[in-house]
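Peer 1: Here's the letter readout for the chains.
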Amino acid sequence: MRASIGLFLRTIAARAYPRIIGMRRQPSWVIHEAILPILSVASFAYVYRAMRAPEEYVGFVILGGAMTAFWLNVLWSMGAQLYWERSSGNLELYIMAPGSMMAVLAGMALGGMILTCVRASVIMGAGILLFQVPFAPTSWSMLIFTFLLTLLALYGLGMMFASVFLLWGREAWHIVNLFQEPVYLLTGMNFPLKVFPTFLATTAALIPLTAGMDALRQILFKAEGFWPLEVEISLLGGLSIVFLFLAKRLLAYLERLAREEGRLTVKWQ
Amino acid sequence: MKLPQKTLRWATWLGWQLESNWTEPWLFLIYVLVKPLTSSLLLVCMYYAARTATAGAVPVEFLPYMYVSNACYMLVWAVMFGMSYAVISDREHYRMLKYIYISPGHLQTYFVGRAVAGAAQALLGGFLNLAIGAAAFPEVRNALTRQPTEWGWLLFYMGIGTILLIVLGLILAAAVLNMARQGMFLSEGIAGILYLLCGVVFPLAVLPKFLQYVSLALPPTYWLEGMRRSLLGTPPEAMLQGPLSSWSQGEIALAVTGSTLLLGLFGIWFFHWSERRAWRRGRIEETTGA
Chain A
1 MRASIGLFLR TIAARAYPRI IGMRRQPSWV IHEAILPILS VASFAYVYRA
51 MRAPEEYVGF VILGGAMTAF WLNVLWSMGA QLYWERSSGN LELYIMAPGS
101 MMAVLAGMAL GGMILTCVRA SVIMGAGILL FQVPFAPTSW SMLIFTFLLT
151 LLALYGLGMM FASVFLLWGR EAWHIVNLFQ EPVYLLTGMN FPLKVFPTFL
201 ATTAALIPLT AGMDALRQIL FKAEGFWPLE VEISLLGGLS IVFLFLAKRL
251 LAYLERLARE EGRLTVKWQ
Chain B
1 MKLPQKTLRW ATWLGWQLES NWTEPWLFLI YVLVKPLTSS LLLVCMYYAA
51 RTATAGAVPV EFLPYMYVSN ACYMLVWAVM FGMSYAVISD REHYRMLKYI
101 YISPGHLQTY FVGRAVAGAA QALLGGFLNL AIGAAAFPEV RNALTRQPTE
151 WGWLLFYMGI GTILLIVLGL ILAAAVLNMA RQGMFLSEGI AGILYLLCGV
201 VFPLAVLPKF LQYVSLALPP TYWLEGMRRS LLGTPPEAML QGPLSSWSQG
251 EIALAVTGST LLLGLFGIWF FHWSERRAWR RGRIEETTGA
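Line by line, the protein sequences are chains A and B. First residue of the first sequence? That's 1 in the working numbering, and the numbers climb one at a time after it. First residue of the second sequence? That's 1 in the working numbering, and the numbers climb one at a time after it.
What the hints contain is simulated information worked out from the structure, not anything from laboratory work. All the pointers check out, no bait thrown in.
Covered by chain B, according to a simulated footprint, are these stretches of chain A (three or more residues, beta-carbon under 8 Å):
#1 46-52
#2 174-182
#3 185-191
Beta carbons are placed, not taken as given, at the ideal position from N, Cα and C, and that holds for glycine.
Start from the sequences, fold in the hints, and give me the full structure.
Peer 2: Given below as structure tokens:
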């Protein structure tokens with residue numbers, strides 16, 4: 001039991017390591033992971049400035065830009081990751097290794113979270129400096145707790161995606177692409193959720209970013225939320241448990257299916 | 001059939017197959033429509049949010065301005081991304097670029113053909129996007145029908161726009177030939193810069209003065225202004241005025257033609273230089289796990 005927990009933790013650390021160390025070894029990430037998102041943040045911030053919207057709306061855009069980094073990380077570096085690993089020949093090594101695939105996914109998530117936190121901080125910092133938006137959290141502890149809970153639910157969803165993507169070939173790339181803009185829209189990345197009718201906002205709440213960002217906006221800007229803060233926090237907690245549970249079940253099922261259908265070593269699809 | 005035409009035809013066919021045959025036609029149609037539509041709807045939601053927050057102070061002309069501009073811009077993104085991603089996918093993923101390079105086909109024409117498929121997809125998405133926008137939002141519908149569409153100018157801008165986008169795409173593809181994994185992000189980066197500096201979704205006057213000068217040096221700024229003006233006319237609202245508002249259609253057309261010509265000459269030189277450099281350094285068959 002002790003040995004298997006040790007192996008599980010070592011696998012997490014081993015899979016998280018390349019993601020974290022990659023920041024130092026490949027500093028070009030600053031350009032494509034921090035400066036590029038700032039460009040789109042700036043474009044949307046100028047939209048609100050041109051429309052003379054309240055300054056907190058520019059803050060929504062900056063927060064949205066930072067949270068976009070996590071969504072992109074979940075899609076490309078969690079969801080599609082096993083697809084890339086298969087193409088580069090690593091997937092069969094993961095399957096053969098004694099460590100559990102769940103630990104591999106958890107390591108990917110941990111590394112991705114740490115890496116993306118740095119990126120998101122750069123986006124937030126640059127956005128605040130460029131657009132001089134005042135951030136005044138009502139409670140720092142609540143802010144950190146809500147943020148971490150959002151990440152837990154989000155990466156749980158990412159782990160679920162990763163197992164589903166095991167079965168896909170070339171369509172994985174297109175599906176990831178397909179999940180980008182609609183999610184920006186549904187989660188209210190750049191605008192308050194109250195623009196949506198209730199049924200749409202409720203459906204969108206299945207994506208952790210929706211409740212997470214609405215809650216963060218309430219804490220950071222004292223903005224009016226779509227739901228009370230406590231409801232959003234409970235929802236995020238519930239989603240975290242459901243997604244992690246489903247990720248474990250799906251991974252076991254789809255790994256078996258992928259073995260049976262001989263898809264674990266298919267390349268260049 | 002002459003060789004370049006053959007290359008163009010087969011590259012277009014290949015590009016279309018790669019873009020479309022991964023799924024059923026119905027899912028593909030949704031895919032074509034969803035991306036541009038949701039990106040436009042995001043702007044629509046921002047507009048309604050700002051309008052509510054300012055108690056209706058945001059002029060209604062803002063919505064068609066953003067909507068039409070964004071729909072046109074999707075073409076820029078599709079062509080630039082299509083051409084540069086063709087280099088990466090053929091070199092890194094399918095590992096076929098070296099064979100294409102040594103084949104009698106013309107490399108530039110091949111990349112143009114690959115981009116045509118993406119452009120056709122973006123064009124289809126753009127038309128559907130505009131049609132849905134006109135049907136769903138009275139602000140967009142009224143702006144499109146307020147004055148007759150200037151069809152002559154529209155055709156001119158579509159023609160010159162095609163050349164401009166091909167040139168931009170070839171410059172990016174040439175740059176990516178000499179890049180490793182960072183090449184993946186180049187087209188996105190340039191697309192982001194153009195989205196910001198060309199004033200795609202806001203009037204240029206909002207930008208700081210020095211950025212307005214940079215924006216006036218970019219050919220897509222004039223192209224987008226021309227497309228917008230052909231479809232919507234000159235915006236009557238003072239909030240939407242910018243440095244190009246006082247320019248006539250003829251002046252904008254001249255600016256976009258001149259700047260495209262200059263960019264084209266640079267593009268031809270740059271592609272040959274980059275191709276030669278990539279060949280010398282073995283970059284055409286290099287794989288970096290991108």
